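Engineer: Construct the complete structure from the given sequences, taking the supplied hints into account.
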Amino acid sequence: MSKKVSQEQYEKTFSYRFRRWLDGVKDPFLDTVEMKPQEEFHEDEETVRQHGEDIRQHIQHAYDLEHNAEVKIFRKIYKIFSILFCVFLVAMLLEAVSELPTFGEAENPVNNEVAERYIEKGLQETGAVNIVTGMILDYRAFDTLGESHVLFIATCTVLILLRVDKKGGQESIEADDRHYEPKDDVILQTVARILVPPIFIFGIYVILAGHLGPGGGFSGGAVIGAGLILYQNAFGFTKTEKFFTAKTYRIMSFGALACYSIAKSYSFYTGANHIESVIPLGNPGAILSSGLILLLNICVGIVVAGTMYTFYAMFRRGGY
Amino acid sequence: MDFVQNFPFMSIILSLFSGPLSSILSGKWAKRVNTAVIVIIGIMSACVLGYVTGTGEEFIYYMGHFPAPWGNEIRVGELEAFMALFFCAIMLLSMLGGTKERLTQIEDSKQNLYYIMVNLLLCSLLALIYTNDLFTAYVFVEINTISACGLIMIRQNGRTFEAAIRYMIMSLLGSGLLLLGICFLYSVTGHLLMSNIQQQVQLLAASGEYHIPLLVALGLMSVGLAIKSALYPFHSWLPDAYGYSTVSSAAILSSLVSKGYIFLLIKIFYRVIGFEIVCDSKVIHVLYVFGIMGMIMGSVNAIQENNIRRMIAFSSVAQIGYIYMGLGLGTEAGVVASVYHVLSHAATKSLLFVAASGLTDASGGKVRFEDLQGAGYRHRLAGIAFTVGSLSMVGLPMFSGFISKLLFSQEAVGHNHKMLPTLIALAVSTVLNAVYFMKTVITIYMPAPKDTEADRQGRNIAMAEQPGKSVALICFIILNLMLGLSSEPIIHLIQNGLEMFY
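If you're matching them up, the sequences are chains W and B in order. Each number in the working numbering corresponds to the 1-based position in the first sequence with 157 added. Each number in the working numbering corresponds to the 1-based position in the second sequence with 45 added.
Any given hint might turn out to be false.
Claimed, not checked - The list that follows gives simulated cross-link-like pairs (lysine-lysine, BS3-like), each with its CA atoms no further than 30 Å apart:
hint, chain 1, residue 1, chain 2, residue 2
1, W, Lys396, B, Lys155
2, B, Lys73, W, Lys404
3, B, Lys411, B, Lys484
4, B, Lys155, B, Lys411
5, W, Lys169, W, Lys236
6, B, Lys411, B, Lys327
7, W, Lys399, B, Lys73
8, B, Lys73, B, Lys484
9, W, Lys404, B, Lys155
10, B, Lys327, B, Lys463
11, W, Lys404, B, Lys411
12, W, Lys340, W, Lys236
13, B, Lys411, B, Lys463
14, B, Lys463, W, Lys399
15, B, Lys145, B, Lys155
16, B, Lys145, B, Lys484
17, B, Lys327, W, Lys236
18, W, Lys278, W, Lys340
19, B, Lys145, B, Lys463
Said to hold, decoys possible - Now the in silico label distances, taken between C-beta atoms and shown as ranges:
hint, chain 1, residue 1, chain 2, residue 2, range
20, B, Leu468, W, Lys161, 50 to 60 Å
21, W, Gln207, B, Ile487, 31 to 41 Å
22, W, Cys416, B, Val458, 14 to 24 Å
23, W, Gly261, B, Gly253, 54 to 64 Å
24, B, Gly513, W, Leu319, 46 to 56 Å
25, W, Ala415, B, Tyr547, 34 to 44 Å
26, W, Asp180, B, Ala472, 45 to 55 Å
27, B, Ser71, W, Cys416, 55 to 65 Å
28, W, Ile230, B, Lys484, 39 to 49 Å
29, W, Lys161, B, Met443, 11 to 21 Å
30, W, Tyr426, B, Val516, 27 to 37 Å
31, W, Glu270, B, Ser71, 49 to 59 Å
FYI, nobody ran anything at the bench for these hints, they're computed from the structure. Values in this document were obtained by computation on a predicted structure and should not be read as measured data. Ideal Cβ placement from N, Cα and C applies to all residues, glycine included.
Structural biologist: Here it is in structure tokens:
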């Protein structure tokens with residue numbers, strides 16, 4: 158490294174003095190300050206031990222909830238405030254509810270042209286004798302489409318949370334209910350043998366007759382799901398899995414939801430573009446009537462039944 | 046009817062359909078489907094935006110064979126189409142930025158479940174944007190809540206479970222209040238369709254009938270949606286949920302999920318109740334006060350934080366406070382500023398989360414500030430991106446945050462009672478923002494002392510090593526500069542869109 162000016166000359170320049178001032182070597186008041194390299198930080202064992210002890214005591218003190226005055230006071234205030242808040246909320250809601258129109262009056266705002274058309278023209282426009290079914294699966298089918306996906310995504314979330322994938326097969330007996338199976342409970346099995354077929358048939362009936370009378374996919378699916386759970390309880394996983402596994406559920410729910418989406422897409426598309434739908438409404442009262450409603454009911458029923466059973470299976474210990 | 050008008054409906058159905066489809070695919074294919082779906086929906090939304098800007102008026106789309114008060118319908122205006130496009134862009138980039146983290150942090154057999162959640166989340170956001178029916182909005186709020194829970198807890202450790210449970214409790218409380226509000230409105234107006242409710246509410250407000258139920262309904266819906274979008278006193282679920290979930294989830298949750306609810310609230314103000322009635326009620330003052338508190342307290346909490354991701358999460362509380370403060374001003378221009386801040390915050394916060402994950406990658410996965418020293422040199426792109434995001438959050442000119450702060454203060458000047466508190470809060474919050482963001486920027490550009498924790502664990506990461514993250518970061522930076530440098534057309538678009546709400 159070569160220098161253009163000698164060291165003495167350089168020391169006289171402004172930049173040298175400025176740099177010295179910047180580095181803190183020269184102080185304008187004290188003149189030259191002796192610079193010492195900082196000593197490396199050392200800790201002897203005693204202080205290290207002392208520190209550890211201090212931290213331990215700190216933690217102990219912080220988590221000693223029984224003797225902590227602040228926590229006690231906070232809890233009391235918290236209780237008082239939550240009670241006050243609840244009382245206030247209840248009072249406000251009661252006041253608001255008392256201002257609402259009396260339930261069931263004929264002049265209420267809810268009895269308007271919307272409800273009128275559902276009741277008067279529902280049968281004619283949707284072909285469903287049960288106007289509730291006509292409403293949820295035809296007039297407002299978009300909401301129900303969303304609602305069936307709520308069920309689907311709820312099962313997926315439970316799958317994320319509770320599905321345990323086998324890792325090397327070293328699970329303890331405690332973690333898996335299957336080790337206790339089959340239970341071979343004679344009473345349960347006999348009852349299940351008698352009850353399960355009628356439950357399934359009744360569920361299927363409720364689904365299929367959803368557009369003719371009280372019932373529909375949601376209620377029928379719940380009945381079938383309950384039947385599946387009963388069967389599983391009586392006979393165990395090995396027998397149930399002969400016809401219903403996680404894979405079956407996935408494919409079934411995909412099929413049902415896809416079917417629902419496609420059918421409704423067709424109906425939304427034709428409706429919005431004012432194209433005449435080719436699906437006949439049929440004879441009101443006949444089993445094959447009311448356009449797409451029967452198909453949609455079956456789809457919803459499959460999803461609901463699968464969801465019920467999957468929830469049950471997931472909440473048991475062990476794989477599904 | 047033009048074919049383009051089918052696109053909003055098609056994008057909702059497409060994303061809805063892709064959810065169950067992902068359940069029978071492998072994780073790899075589910076990811077491809079997810080990317081394709083987001084891109085297709087983005088393109089369709091862009092077409093719709095072009096169409097609506099061309100015709101200059103909104104259009105109604107029947108969901109079925111029956112006209113509106115009887116059947117469902119969706120309504121598409123300029124702002125809706127733009128929001129859909131913007132949300133798709135942010136979601137695509139957030140997914141791109143967290144590709145590697147998803148592979149390592151999520152169990153192999155649950156990969157496809159993640160994409161189910163993302164697809165259905167996108168669907169619910171689109172439905173919230175487009176719907177013209179309050180009950181449809183509620184159904185999709187449910188989907189949104191559940192999928193957000195799934196996104197939080199799919200990275201399985203104790204903290205995320207705790208965060209997901211907190212999120213679920215708070216969010217369900219919010220949904221419940223929203224539903225109660227809808228019930229009140231339904232029983233006094235007899236309608237669920239937004240335009241019909243508005244007609245009835247105007248009549249009721251003119252006659253003074255059902256004053257209390259209307260006020261309570263408005264209050265319940267505002268508070269419900271405020272809880273769900275983490276307005277200050279209801280934010281306790283937020284830091285853990287954003288701080289410990291996987292990167293894509295954190296970016297999506299902070300920039301899309303909460304913004305979807307805010308958009309719904311703006312829609313309720315404009316299309317359901319009517320903005321004049323909302324301004325006359327006291328509810329917006331409450332939102333205003335909470336917003337101001339959030340602006341200050343969120344920043345104070347962020348300063349105290351020692352974990353970079355939790356710090357960014359707390360900064361979200363402050364930014365949500367800005368948005369509610371703008372709504373609380375109760376003027377048209379205040380809402381424009383809020384909507385602009387929704388965009389700017391969405392673009393910046395996801396950038397920050399992705400950049401922070403790049404920085405922690407370069408520091409051996411540590412998230413504490415002392416381990417992040419010199420991370421800006423080890424992962425240069427992430428360092429630059431983090432700096433850009435920080436400057437934008439602080440509100441330096443050229444970046445998107447500046448424009449929204451400018452709009453807020455412009456609107457506050459000359460406002461009757463709220464001028465002084467707004468300006469003071471803006472100033473204080475900006476200084477606090479600068480304190481914690483600049484602290485972080487300085488930390489990441491401080492040379493790491495030799496032979497310390499940070500130096501031993503850190504490694505240099507070249508741009509080519511994480512192609513997805515690099516592309517996402519570059520796009521985010523461009524998006525941020527675009528929002529900051531050419532704000533005029535976007536502000537114009539927001540104004541037009543809000544006018545279409547009437």
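Engineer: Given the hint that Lys155/B pairs with Lys411/B, does the C-alpha gap stay at or below 30 Å?
Structural biologist: Holds: Lys155/B and Lys411/B sit about 25 Å apart, inside 30 Å.
Engineer: If you check the beta carbons of Gly261/W and Gly253/B, does the distance land in 54 to 64 Å?
Structural biologist: Violated: the Cβ-Cβ distance is about 25 Å, outside 54 to 64 Å.
Engineer: Taking 39 to 49 Å as the stated bounds, is the beta-carbon spacing between Ile230/W and Lys484/B within them?
Structural biologist: 34 Å, violated
Engineer: Kindly confirm whether 14 to 24 Å is satisfied by the beta carbon distance between Cys416/W and Val458/B.
Structural biologist: This hint is violated: roughly 58 Å between Cβ atoms.
Engineer: Verify the proposed pairing of Lys404/W with Lys155/B, using a straight-line Cα cut of 30 Å.
Structural biologist: 14 Å, holds
Engineer: Could you check the hint for me, namely that Tyr426/W and Val516/B are 27 to 37 Å apart, CB to CB?
Structural biologist: At 36 Å between Cβs, range holds.
Engineer: Given the hinted pair Lys411/B and Lys327/B, is their alpha-carbon gap at most 30 Å?
Structural biologist: Violated. Lys411/B to Lys327/B sits at ~46 Å, over the 30 Å cutoff.
Engineer: Lys396/W and Lys155/B were given as a pair; does the straight-line alpha-carbon distance stay at or below 30 Å?
Structural biologist: 26 Å, holds
Engineer: Compare the distance between the alpha carbons of Lys404/W and Lys411/B with 30 Å, and conclude whether the hinted pair is satisfied.
Structural biologist: Given pair Lys404/W, Lys411/B is violated - Cα atoms ~39 Å apart, limit 30 Å.
Engineer: Within 30 Å, alpha carbon to alpha carbon, are Lys327/B and Lys463/B?
Structural biologist: 14 Å, holds
Engineer: Mind checking the hinted window 34 to 44 Å against the Cβ distance between Ala415/W and Tyr547/B?
Structural biologist: 39 Å, holds
Engineer: CA of Lys73/B to CA of Lys404/W, is that 30 Å or under?
Structural biologist: Status holds; Cα separation ~18 Å.
Going through the hint list in order, the structure does not satisfy hints 5, 6, 8, 11, 12, 13, 14, 18, 19, 22, 23, 24, 26, 27, 28 and 29.
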